[in-house]
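K.L.:
The hints should help you fit chains P and H with the ligands onto chain Z, whose structure is shown.
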Amino acid sequence: MSTEVAPDTQTPATYKVIGTRPVRHDSADKVTGKAVYTDDLHVPNMVFGAFVRSPHAHARIVSIDTSDAEKMPGVLATCTSADLPDPWDKVDNLGEGCVNYAHLSGNVLARNKALYKGHAVAAVAATDSYLAQEAARRIRVEYEPLPATMCVQDAMRNDAPLLHDELITHTLDDKPARPSNIASHIQFEKGNVDEGFAAADVVIEREFKTATVHQGYIEPHVSVALWNEDGRLKIWTATQGSFVVRQQMAELLKMPVSQITIVPCEIGGGFGGKISVYEQPVAAVLSRKCGRPVKIMMQRDEVFEATGPTPASFMRVKLGATKDGKLTAGKAWLAFDAGAFPGGVIGPGAMCVFSCYDLPHATVDGFDVVLNKPKTQAYRAPGSTHVAFATECVIDELAERLKIDPIEFRLNNAAKEGTRRVDGPVYPRVGLVECLQAIQESDHWKTPLTGPNRGRGVACGFWFNCGLKSSVTANVNADGTVTLVEGSTDIGGTRTSIAMQLAETLGITAEDVIPQVVDTDSVGFTDVTGGSRTTFATGLAAHEAALDIQKQMVEQAAQIWECSPDEVTVADGVYQGNGKSLSFKALAVEADKVGIPIVGRGVVDPQCSTNAFAVNLVDVEVDPETGKVTILRFTVCQDAGKAIHPSYVEGQMQGGSAQGIGWALNEEYFYGDDGHMRNASFLDYRMPTCYDLPMIDTIIVEVANPDHPYGVRGVGEVPIVPPPPAIANAIYRATGVRFFELPMSPPTVWNAIKGQTTGE
Amino acid sequence: MAIVFIPSQLQKLTGTAQVEVEGDTVRAVVEQMEKQFPGIQQRLFEDDQLSPTLQLSVDHVMTRALSTSVTPSTEIHFLPVIGGG
Amino acid sequence: MKTHVTTTINGATVEFLCQPRQSLLAVLRDELSLTGCKEGCNNGNCGACTVMLDGLPVDSCLVLAVEAEGAEIETVEGIAEQGHLHPLQQCFLEGAALQCGICTPGFLVTAKALLEKNPQPSEQEIRFGLAGNLCRCTGYDKIVRAVQAASQASPES
Ligand code: FES
Ligand code: FES
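Residue numbers (numbering that gives the first Met the number 0), protein chains in the order written: chain Z, 0 to 759; chain P, 0 to 84; chain H, 0 to 156.
One should not assume that every hint holds.
Stated by the list, open to error - Distance condition first, Cα-Cα at most 25 angstroms in a straight line; then the derived DSS-like pairs of lysine-lysine:
| hint | chain 1 | residue 1 | chain 2 | residue 2 |
| --- | --- | --- | --- | --- |
| 1 | P | Lys34 | Z | Lys174 |
| 2 | P | Lys11 | Z | Lys174 |
| 3 | Z | Lys550 | Z | Lys468 |
Bear in mind the hints are in silico, worked out from the structure with no lab data behind them.
Computed from a predicted model, the values in this text were never measured in an experiment.
Chain Z with its partners taken away, still in its complex shape (with noise of 0.2 angstroms):
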């Protein structure tokens, strides 16, 4: 089996639910193509949009004629920013980071200026799909192409042009007087760092760049629309969280909330990319012009240019060591790219770049820059692979001069509970240790790695994971079965992960669980499946749901049997009371006969970082005539707090490895000068394919999350961050060569190679 679960963090309870590994809710309707996601709906009479996009970098929107597309036969609406409500310069705050309405209205349709390539113009409504991409064709824009800025240094230039002309540095000290393109900045402090340097008998200092890359989910952004003539609107997409989009189309559109209904459809992949809107509205208005639904499924170039990905990054990052190896200081200098609009990832960025260690001393800048390219988007972790790339490289770098085995140097050095962070807050239990000790247990660690061209590399990852808020009912049916109505879209298992729980409390079997995602007029408010916070959070909404159901059982029993409800106890969904006893099943049989209906409630905003870690393990072998980098083998290992479904939490674990093995190896976005993305295809964006990929070999640590009832702690993003600098310091070890760039793709280590061996 690939999998083990490390045996001293197992929590000492034994459940009967949590911890198996039941056959999803989903899962027939998913292998035999029955499942509905949002391109399989037809909506009667529908129609469908196509988007007018921008071919400059930067340029001003001299004009936008769309009277010759307007004349086509079957062409039934236009639209450009003009249709859209004047947004108004709101922050609002979406649970999962903020957003200004402003920015992001101008971000569904140009206002005055296009700035990036693939920054959507207009848009048209048609009878069918080629003739609404033909009548986009004939919307005619005047274009005044302006100077771009692609990188982030050069963005940040006195003399860099302007992406917008009021932008002035968010910054909590004095504010700059000019406007620039720097969005924000960022500072943390924590000691005397000169006195840390000083204290450090090896100090090392390295800079790093990443590439642009993207989530690269297989669905493309797809929506339905249907502005009713009542004034309702209702929308049928692909999204981590249907209430997110209904908030953001509310102050898009301004109309009230309550006038929309957002119907998630079953979703092909988010990994944060899935949250902000883009075609949606779009979608609306051209529904509310020409009257009847509108269908707009992107392209995949359109996703790549168009949509979020995550940032490019340049960053310096420098540590000192005493020569017994305890961390002394840290400072780091991060830029992040955040695309078109303020706003990008480098806040967790600057919080992740030293969380995995305990340093005395620190100081953190990080920059938010804008420039012409596309608006990023969170990617699994935000901003914390990036920062993690630097720090984990120039650890293992300080371990190496001091001649200290990586796994002990991380050791001495890990985060624990108590530890202070760089940004203030103190961490509570946390499974970092554990991790690491697992891994020197393991087998992939205990056995040598030999051959030529070979090397071996370890690094740690840390994400916050969040709470936030989730609703839930359970109604319990007269056959003793619980249908669960959740609003968390199911993106990787939750539904069962969730049900679970309810399962696990009120003593019955997963599968007598039913579980339902549905709409947001059918259920309480949840925040999006992302943050690693569904089977945290949602699963805690379940459980509470559970204990409601069992309090009514309860009472409904003790009605039976004419005792008081005192007397009633309950131990493994076994009601007894008055001599009786009963099973949940048998009881809600019962109960369905003489008393009123039986509906759980469970809503709930836990308001904690839940803490995860991971350690990556990983072999490779470089082929020096290429610079092609083969996975020999690959161990993840992982604090889930308490695994629910283990087979989905590995599945976690393996997938986020394998996004950050793309990201450390191939992944970037290839800009010409012109500011065109040179490779917006799956064929020429090189995502991992399985012939790429060795098997994955996971490790669940389980160390509890003291907030939670179970133990759990999120999973599903800390994985993508280890793999870039543990591939990086496998790298070295099999060629000498340190690598400070990402993407390590071959031609990059070929010649890093061959520099090396010429001595250049």
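P.N.:
Just chains P and H with the ligands now, kept in the frame of chain Z:
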């Protein structure tokens, strides 16, 4: 009363990295800080609410609620908001 | 102008009218409501649209619908028989070989074709055989294992 960790970019207003401030809630603490260090509140607030770009860490709890109550041992941190994937 | 096409889909004769520019994927999904095959890229790079065409797995987004004249097509909807899941489908759901599931129909069609040609493939043969199908969620580990399990479960072995 609570221990407020002053963001480094505001330390020129306070002169120190940490201050102990009177108050039973985060809002009361910030208002009290404003009396001691004029100008600090406007850097942290927008329209009398916590700036949307910030969140609070109050004894491990990540929140934006200014009504969160505090005790003398409570640590208050002002952090950037974060999103997840 | 529409063209009349006659094909066999999942064992039944099907006739449809299509525009010459419509892909087989577009017709299967939009005209025939066989929405099991998915569109991930529409240019032959993801495999989500894989169907069997005269015994070979193809990216249906790269096949024109008019080319299906006289052909035998099998889609994911035809894999389960009379209410019974195929061993591959069973292994996929038992082995948790899907997360979001958008790639699953394409993988099932490709894997079935692979096992029909090579009932006992090695891990490398499975990986090579499935390399035209992208999955962004699973890291492929559990997909490869599900295909291995199905090859052991299949009657041919
Ligand atoms: S949709 Fe046909 S290969 Fe991607
Ligand atoms: S399960 Fe989501 S792409 Fe494969």
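K.L.:
Verify the proposed pairing of Lys11 (chain P) with Lys174 (chain Z), using a straight-line Cα cut of 25 angstroms.
P.N.:
holds, 14 angstroms
K.L.:
Can the restraint linking Lys34 (chain P) and Lys174 (chain Z) be considered satisfied, given a maximum Cα separation of 25 angstroms?
P.N.:
Holds - the C-alpha atoms of Lys174 (chain Z) and Lys34 (chain P) are around 22 angstroms apart, at most 25 angstroms.
K.L.:
Assess, step by step, whether the Cα of Lys550 (chain Z) is no farther than 25 angstroms from the Cα of Lys468 (chain Z), and give holds or violated.
P.N.:
holds, 23 angstroms
Checked against the numbered hints listed earlier, the structure breaks none of them; every hint is satisfied.
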